[in-house]
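Chains A and B supply the protein sequences, listed in that same order. Heads up: the first sequence begins at 1 in the numbering used here, then just goes up one per residue. Heads up: the second sequence begins at 1001 in the numbering used here, then just goes up one per residue.
I should point out that these hints are in silico values taken from the structure, not numbers from a laboratory. It should be emphasised that the depicted structure is a prediction, and the values quoted were computed from it without experimental measurement. Among the clues, some could well be false.
[Stated by the list, open to error] In silico BS3-like links for lysine-lysine, alpha-carbon gap of 30 Å or less:
(1) B:1262 - A:134
(2) A:134 - B:1460
(3) B:1456 - A:122
(4) B:1348 - B:1262
(5) A:125 - B:1460
(6) A:122 - A:107
(7) B:1460 - A:122
(8) B:1017 - A:108
(9) A:134 - A:63
[To be verified] Take a look, some chain B residues computed to stay more than 10 Å from chain A by CB distance:
(10) 1104
(11) 1325
(12) 1386
(13) 1403
(14) 1431
(15) 1434
(16) 1440
(17) 1457
Ideal placement from N, C-alpha and C gives every residue a C-beta, glycine not left out.
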Amino acid sequence: MLSIKNLHASIDGKRILNGINLEVGTGEVHAIMGPNGSGKSTLASVLAGRDNYEVTEGNVIYKDQDLLEMEPEIRAREGVFLAFQYPVEIPGVTNMYLLKAAINAVKKHQGQDELDAREFLKLIKEKAAMVEMKQEFLYRSVNEGFSGGEKKRNEILQMALLEPYLSILDETDSGLDIDALKIVAKGVNLIRSEQRSMVLVTHYQRLLDYIVPDYVHVLAGGKIIRSGGKELALELEEKGYGWIDELAAA
Amino acid sequence: MTTTESDLVPLLKRDYKEGFITDIDSETLPPGLDEDVIRTISAKKNEPEWMLEWRLEGYKRWLEMAPPEWAHLHHPPVDFQDISYFSAPKQKPLLDSLDEVDPKLLETYEKLGIPIDEQKMLAGVKVAVDAVFDSVSVATTFKETLLEAGVIFCPISEALQEYPELIKQYLGTVVPPSDNYYAALNSAVFSDGSFVFIPKGVRCPMELSTYFRINEMNTGQFERTLIVAEDDSYVSYLEGCTAPMRDENQLHAAVVELVAMKGAEIKYSTVQNWYPGDEDGKGGIYNFVTKRGACRGQGAKISWTQVETGSAITWKYPSVLLEGDDTVGEFYSVALTNNYQQADTGTKMVHIGKNSKSTIISKGISAGKGQNAYRGLVKILKGAENARNYSQCDSLLMGDKCGAHTFPYMEVKNPSAIVEHEATTSRIGEDQLFYCRQRGMSEEDAVSMIVNGFCKEVFKELPMEFAVEAQKLLGISLEGSVG
Ligand SMILES: Nc1ncnc2c1ncn2[C@@H]1O[C@H](COP(=O)(O)OP(=O)(O)OP(=O)(O)O)[C@@H](O)[C@H]1O
Ligand SMILES: [Mg+2]
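Whenever a hint applies, use it, and build me the whole structure from the sequences.
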């Protein structure tokens, strides 16, 4: 699904990613953990195609295509989804409108019929019920005045609707109460399948109680310094990153 | 950042589809302005003597005045002797049926998408149209149907023949000839425009609209519109404007007067799409317009909605005099300036009656090297007990070479008044754009969607068909039927 090789990236001349290597197979769920400022969101942004980052070395192959050559909207239409750590507000644009534009952009690209208003309404109501989101949120401006947790849940709604092949969730669990966390996990598990892959960026082991990853990686200083199975997350929880630093230094 | 806002500017580029020229024989006065020109215009229209006197008085005032310099606008001085003040396609005046209209004119309006053929209009979406071409009205639809309801809708030149008393009673009572430089000029040389009269208790059975088209080179357009709504009547009126693409600047100086009597409501909507000039700021219409309405009786309401996307220069402040008690004035505006366009627009709300209320919602969008100024005055006179005003002025910037300016003025003479003003300035965020693109939207669609969202409060005030047109104009696809 995704193959990242020796990826280096910088912003405003500052080097953030220093040679990331990561293979995400089809159907796999990978968790990425790591201290603040280590480059997790940067990696997510580079994969999604944010162009204020400069890729200085390395390459990324997504479904046999050179991901870095693709415009952000093409990546999205090809099934790459990023749940943002900080979802933005768009005043005056209803959530409903954005969602419809998004799904139809994807459908059109994939050569399917676009949804008409009625079909869309039916679908979105189903999906909203799935992530237990009240319908009023569909008619409000995108993320405007949403609480932190509501914004995160809105990201999951979008993911549930778009059914991407590769979902990158950047700290979608941060700031969620336990019920919301379960809902997010439920949303993720619903679309988890043999055909879809996920990259979960998180600081907390508790998310991984609900979404059990196949692999856990630790990112520090712009590099993946350790990879393991789900036990690695437990170890980190217990010992903190200092332990990793020591390992890295050794 | 590598996607700077200036990268967005080309996204707002659009072809000016209305920029064609109609090749038609016109009778055009040589450039220049003096008393003789005014006499000639008046004679051509076979006007009563008092009308000529009124014009000459306006001319006298104009000569004594100087162009206003307070606006945040920069342009070379207009040479008023270099403009022709009258141009009309050669055809029989006062047409009774479209069969007599020059086919070239019919074609022009067809190209512009303006329905001037009653038969061809779809059932259910009837809009009566007065089509003004350069200095004259060339067709007015549904006149008879409207007359059956008692509604008068005709070119003002025709009204001067048919209903001189009504014109005499109301003309210049809201915008007197001496009001300002451009209003004085208009009073002297106005050529055509629409007259609307809604009698007591009548709800106008269809939307009325006037489409202004400038075609001839080196001519100015000076239209005059007068709308009178008697007690407890209602009318919704729309106005649209286009002009060919030319390298020279052309002058448009209109006056619009609205009179709403007790309990009457006038809703006046404008989609202004005059030729804005090219990317380098060459050509375009200079649009100096005086629009004002008077709420004369208790409970009267006047609502202005404008979407200003065209013109090289826009100077325009649709205002409301809230004379009666419990009167309501509204101003909803979207002004877009791109390339070298400049707009200085806003409103005046003058509260005279008790419990009078006004609302101002202004949305300015600046791109390229465009300059956009909001200028508004809220004046609460001593007797205006419990007056209320709410103003909101939002500016959206795209790129770093454009500008947004806000000049809100307030004069409050009654302590019971509540006047609120809010203003925001924002940039189309790279964050917002990336978010939309990550969801699969093209950059262009994302910009449109964000701009559309920004203008929503104003667009929702427009009648449906106009809202669609306005959104298209901003390069915006209509927000779907959901949401
Ligand atoms: N525009 C910028 N200019 C300079 N440095 C930047 C810029 N953007 C990000 N950085 C830096 O890049 C580093 C990595 O940031 P990133 O957001 O990827 O971290 P993160 O691992 O997601 O952290 P967190 O766990 O706090 O979300 C940080 O030190 C950050 O300050
Ligand atoms: Mg982060």
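Fill in: Status of the stated non-contact between residue 1434 (chain B) and chain A (beta carbon gap over 10 Å)
violated (6 Å)
Worksheet item: Is residue 122 (chain A) within 30 Å of residue 107 (chain A), Cα to Cα?
Response: holds (16 Å)
Item to complete: Verify the proposed pairing of residue 1017 (chain B) with residue 108 (chain A), using a straight-line Cα cut of 30 Å.
Response: holds (28 Å)
Discussion item. For residue 1460 (chain B) and residue 122 (chain A), compute the direct alpha-carbon distance and say whether it is at most 30 Å.
Written reply: holds (26 Å)
Fill in: 10 Å Cβ clearance of residue 1325 (chain B) from chain A
holds (35 Å)
Worksheet entry | residue 1431 (chain B) non-interfacial with respect to chain A [C-beta, more than 10 Å] | Answer for residue 1431 (chain B): violated, closest chain A Cβ roughly 5 Å.
Discussion item. What's the verdict on residue 1348 (chain B) and residue 1262 (chain B), does the C-alpha distance respect the 30 Å limit or exceed it?
Written reply: holds (21 Å)
Worksheet item: Going by Cβ atoms, does residue 1104 (chain B) stay more than 10 Å from chain A at every point?
Response: holds (41 Å)
Discussion item. Check whether the Cα positions of residue 1456 (chain B) and residue 122 (chain A) lie no farther apart than 30 Å.
Written reply: holds (25 Å)
Discussion item. Hint check: residue 1262 (chain B) vs residue 134 (chain A), CA-CA at most 30 Å. Holds or violated?
Written reply: violated (45 Å)
Practice prompt. Just double-check residue 1457 (chain B) for me: nearest Cβ-Cβ distance to chain A has to come out over 10 Å.
Written response: violated (7 Å)
Item to complete: Quickly compare the C-alpha distance for residue 125 (chain A) and residue 1460 (chain B) to 30 Å and report which way the hint goes.
Response: Given pair residue 125 (chain A), residue 1460 (chain B) holds - Cα atoms ~25 Å apart, limit 30 Å.
Hint violations for this structure: numbers 1, 9, 14, 15, 16, 17, all remaining hints satisfied.
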